[in-house]
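J.: Residue numbers (our numbering), protein chains in the order written: chain A, 1 to 111; chain B, 1001 to 1116.
With a straight-line Cα cutoff of 27 Å, these simulated DSSO-like cross-link-like pairs (lysine-lysine) come out: (1) 51/A with 70/A; (2) 103/A with 1066/B; (3) 70/A with 56/A; (4) 57/A with 36/A; (5) 56/A with 103/A; (6) 1041/B with 70/A; (7) 36/A with 51/A; (8) 103/A with 1041/B; (9) 103/A with 59/A; (10) 1055/B with 1066/B; (11) 1020/B with 1064/B; (12) 1066/B with 1020/B; (13) 70/A with 36/A; (14) 1064/B with 103/A; (15) 36/A with 1041/B.
Keep in mind that the hints were calculated from the coordinates and are not lab data.
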Amino acid sequence: GQQVMQIPQYQHVQEGEDFTTYCNSSTTLSNIQWYKQRPGGHPVFLIQLVKSGEVKKQKRLTFQFGEAKKNSSLHITATQTTDVGTYFCAPVNQAGTALIFGKGTTLSVSS
Amino acid sequence: GAVVSQHPSRVICKSGTSVKIECRSLDFQATTMFWYRQFPKQSLMLMATSNEGSKATYEQGVEKDKFLINHASLTLSTLTVTSAHPEDSSFYICSARSGGNGNTIYFGEGSWLTVV
Chain A
1 GQQVMQIPQY QHVQEGEDFT TYCNSSTTLS NIQWYKQRPG GHPVFLIQLV
51 KSGEVKKQKR LTFQFGEAKK NSSLHITATQ TTDVGTYFCA PVNQAGTALI
101 FGKGTTLSVS S
Chain B
1001 GAVVSQHPSR VICKSGTSVK IECRSLDFQA TTMFWYRQFP KQSLMLMATS
1051 NEGSKATYEQ GVEKDKFLIN HASLTLSTLT VTSAHPEDSS FYICSARSGG
1101 NGNTIYFGEG SWLTVV
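Make a model of the complete structure from these sequences and hints.
T.: Take a look at the structure:
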C-alpha cells in the first residue's frame, strides 16, 4: 500500500541546535499533514501543505512541500526542550479518505 | 478548538472477553471518523475508516469481525475488540474529520488496552 519514508528515525540535539525531518514518497501526494506526538500523548495537528513548493512557517517551525509533491520537510530552528516528541508526516491516502502516517522522527533535546 | 473525546483512556480485560472504546466529537459533527492502532514506539496504523450510517471500510489485514466499528451518529463512533487476546494490547486512537474547519482532522486522546 501507499507508504512514506521518514528520516531520520531518531535525532538528538543540544538545545539551540537546528533539526530537520524529511518525508519522502514514491507517488505524488495531493496534500500532506504534519503532527507532533509528545511521549504518552496523542498526535496534535501542526500544519497541512497542499500546493507544490509551498512553504509555511509557524514561529521556529518551517514546513516545505516539494515541487513534485513527493517530499516534505519540517525544520525547527534553535530547538528548545519543549520541542521533544515524535514528528509524523501524514499524507492523505490515494483514495483521499484517510491519513497514512510515516514512521515518525523522534526528537530528543538536551539542555 | 474542536475536541474529540475518547473513552476509556485505559482498560484492562481478560483474554477472550470483548471491550468497547468510544470516540465522540464534542463540538462538531463528524461524518467520518478513523481508527488507528499504535504499538509502543511505532507509528499509527490506520485500521478502518468509519462513515456515519454506513459500514466501516477496513484496511488490508484488519479483521472486521474482530474489530467491530459502529458509527451510529454524527458524533459517536465505537470500536469493539471482540474475543481479545494479549496481542491485541495496544494504544487505540480515533480521529474525526471536521468538515467545517478546512477538513482538519482532530485526534482523541487514545485508549490503552491491556489484555491479560
